[in-house]
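Asker: Protein chains in written order, with my numbering: chain W, 1 to 306; chain X, 1 to 285; chain G, 1 to 437.
Watch out, some of these pointers could steer you wrong.
Here are the in silico distance ranges between beta carbons for each label pair [stated by the list, open to error]:
1. LYS80/G x VAL223/W: 54 to 60 Å
2. ASP259/G x VAL264/X: 31 to 37 Å
3. ALA212/W x PRO14/X: 15 to 21 Å
4. ALA199/G x ALA87/X: 46 to 52 Å
By construction, these hints were calculated from the structure, which means they are not laboratory data. Quantities reported herein were computed from a predicted structural model and do not represent experimental measurements. For each residue, glycine too, the CB sits at the ideal point set by N, CA and C.
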Amino acid sequence: MAQARRAEPAPVRAAGRAWREVRDTRWGWLLAVPAVGLIGGFVLYPALNTLLFSFTDFNGLTPASWVGTRQYQALVSDSVFHRTLLNSGVITVAVTVLLVCLPLPVAYWIHRGIPFRRFFRTVLYLPVVVPIIVSSVAWKWMLDDNGLLNHGLTALGLIDEPISWLSDPGWAIWSVIGVIVWRAFGIYLLIYLAGLATTPGELFEAASIDGAGHVRTFFSVVVPQLRGSIVLSSVIAFVAAMRTFDEIYVLTGGGPVNASKNTAYHIWETAFSYFKFGYGSAMAVVLLALVLGLVMLGLRLAGRRR
Amino acid sequence: MSAPAGTGRAAFGPVSRAVIVVILGAAALLAVGPLLWLVSTSVKDRGDVFSVPPEIIPADPTLDNYAYVWNQADVQQYFANSLIVSAGTVLLNVSAAALLGFALGRFRFKGRRLLFLLGLGTMVVPFPAIMLPLFVATKEMGLTDNLLGIIVPTAALNLWLSVYILREAFGGLPDELEEAAVIDGCSPPRLLFRVMLPLVKAPLATSAILVFTLTWSDFLWPLVIMRDHTRFTISVGLQYFMSTLTSNWHHIAAIAVIASLPVVVIFLVLQRYFFSDVLAGSAKG
Amino acid sequence: MDPIQPTRRRLLTGGALALVAGLVSACGVFGGTGGGPDSAGGSGPVSLEFWTINLKEGYTPYIEGAIRRYEQDHPGVTVKWVDIPDFEQTQSKLLAAISGGATPDVVNMTPFILPKFAATNTIYPIDELAPDPAAVAAEYTPGLWDAGVIGGKAYAIPFYGSVSALIYNTELFREAGLDPDKPPADWDEVFAAAKRIHAETGVSGFVQTLDDFNDAGNPSDILAGQAGAPLLSPDGKTAAFATPEAVAHLEQYAAGVKDGWIERTSVNGGVMDGAKVLAQEKTAMVFLGPWILRWLEDNTEPETFEKFRVAAHPEGAGGAANGFLQQFAIPRASKNPKQALDFARYFSTTTLELAKQAPVLPALTATAKDPYFQSSPETKVLVEQEVKFYWPKHPAVAELFTALRTEFQAALLGRKTAKAALDDAAREWNRILSAGQ
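Let's have the full structure, built from the sequences with the hints guiding it.
Answerer: Printed below as a string of structure tokens:
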């Protein structure tokens, strides 16, 4: 696994400088051709159309008219859209934090050797393999007022009244987050275990000889060693959380009272259910601009720290 | 698979071990709870789908549901389609990403930062926002009638995930490796295929398993783009069993289990690349 | 017929984005193709693409058999059948197909999406294809036919329908001291029975989910069917449902959810979640089409299933039971629209065969008279109840329903009074209705 190292090329030795520059530019772009073709044809190109749609009243069916920035103006006062942005933020932050942090100690335990480690490693990965649409429906029933979760919590004496996981506006978004984390946990565990597999065991021995306890070893050896994996996990979790759609589609439909509707779901609903592609496209453009702005800010801050 | 390198025989004391096993046991129960319910529902013959608490071990297990769904017209076809689509997507995605990841990780060329950021931007485009123009573009290329119509766009939509992973991986390889190769007169393709690719097996496996998982469970795009239902994937096909008029949960559970098995197998096969000691220390920075 | 062509030209005048537009159009993304309306009929081999929703699993022999018979009777015509697994996804797939110029010839629609396609003139009105549309209309049950009439023109051939009925648990009725042979006949009785069931047995009296894509339990039925409030003003331009009767009725619902005699799943569940609560015997009544009995039979123990019984839908102030309908429409892009219409009409004659597998309501008057429908309680409730579609025939119907459902949720959760919720919903409806589209 990649380690804590920026992805800069090897330092250029003065001798080969000119030769390397020519080689790098020629080969760099040559190697980029397949990827650029794919991204250009199947993501950027449709995305440009989306940008175009956002300045029209396109309904998906009939000729559109140019409406200038009308769609964007309408977004300014659209409280449902604002709510979905907030929900997207909550889901993204919560999912990213939970998925980046929770699997870390588990990976450490499994790596350092506990009984049944292979069993745990495999079992914790299993939710990843079940098709989302099925596991989400299964969860929908587990989370019902009369469902297994309430039954279990009541039996354990943890709650008196069943909790309306999906129909209480306070809980609905957390139920969505919980199911996402449940499903994806194994992926992040895997990334960390892969990272730990490339960590020299001597580091742990050295820490142990120094008399470091597990907590200190965890923070002084594991976390720094896994920095690359942690950054990778953050990126994957962030991207996946921004795109959350399936779980909302199955579990809550965005309700109740829009409490669990994120922007991706709202865009889908606006475009494909309300036939307002122009408006939905404007939402997508605003969302993308916000996210890219945040990513740039994050990169700049991260760059400054180094 | 042996114990991880350098792990002391008693990394945790007996009390810590017990606590950890209890915690992980609870986590494991939470992880497989809904899946146990699915598996147990799939081997019951009728009824009792929703009772609380459910009867996890059926009195009279049967494989009839599996036989039923497997023999339904097209289910085997969906299954084969899913395998082709997922394998094809992984191949296309990881190959393209490996080339670019190698370039971004090792070469210093003009525009690389912009290229990387632009690509990263594509990862956060919400899919519903581009679905309609993507459909039109894919159709214009004549891909609505074969599985490439799923493979190519899906590989593209998840491309940067792999590019990101592999850029880090190639960038993290020791510089001496490259210098030695260059002194030997090694061309970039040779450097990539002979020297470096074997050293990034773990990241390649990570990308492969991520993309495989994403592709395997994707249902909206394969449904929208394929005209002919003999080209649907299993995630689309299993929704036929979830229809309102007919949803028999014994059948849904059986097909869900069938649909999950290949990913389990892929995981079990690929996991040795993650955990084997051979890799330890080889991809170091 | 290139539906998006004019867009391109207009976009090109868009100044700042001309470059982008040029790029886009140069690569042909906007280039849709479609058949002409005059290419209808004709000789030579004809190929029809036929889309249904959700009929593959369990009904394949029926569909394929019916197609084969048609092909035999019409040499030269071949029918390619595509079944879409899910209602919501039909819409996505259809939109994509139309944008890409790859439309089917006959497509299964619902009254929920039909108005948008009619308003955008992307489907044929029947009178353009049939020499005598009135004669066609006369074959169908008027209520079902009218569901496809928009602005005075029919746009759809009804396929099959369903009528909401009362499905209840006789055992829970007995436990609560209610007579299982006398299920509640109107909404006052429903509420009274529900309160009693909750008080006596602890489970909820009924579940009525607010989900919008299914045949029962949607807010418009609560307003128009149960409380008798008209959804729209006579001119169709403003919301008219915020009547005192509707407020009083919704207050009952809010009280029911709060006190537990209405199942809380109603607030954010879908139809199948409601059915599941019934299957678990955690609620005593549900208002769904009789097809749900087949599902209950598959997913509950035989001894549980025996407790369920079907009865007529409780009478509401709207005067008829809420209905749901599957229709066929002919997209403008069809190359053989006349043949397509012929096929659609033929297919609606085959529904008796479908009804024998699942209790659904046939659209043809003649089929509905078949003695089969008198053979069991679940088929009787189909043909003996009067049906109405409490849906506004408006292109923005999906958006209107979302607005209504959101406000209903607020009311049922006690976040707003019933009156405030209905007033807010009406305001939102007026905004959507005036926005045109």
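Asker: For the pair ASP259/G and VAL264/X, does the Cβ-Cβ distance stay inside 31 to 37 Å?
Answerer: Violated, at about 47 Å.
Asker: Between ALA199/G and ALA87/X, does the beta-carbon spacing fit 46 to 52 Å?
Answerer: Violated: the Cβ-Cβ distance is about 60 Å, outside 46 to 52 Å.
Asker: Could you tell me whether the CB distance from LYS80/G to VAL223/W stays inside 54 to 60 Å?
Answerer: Since LYS80/G and VAL223/W have Cβ atoms about 58 Å apart, the given range 54 to 60 Å holds.
Asker: Could you say whether the range 15 to 21 Å given as a hint is met by the Cβ separation of ALA212/W and PRO14/X?
Answerer: With Cβ atoms ~20 Å apart, the hint holds.
In summary, the structure is inconsistent with hints 2, 4 from the numbered list given earlier, while agreeing with the others.
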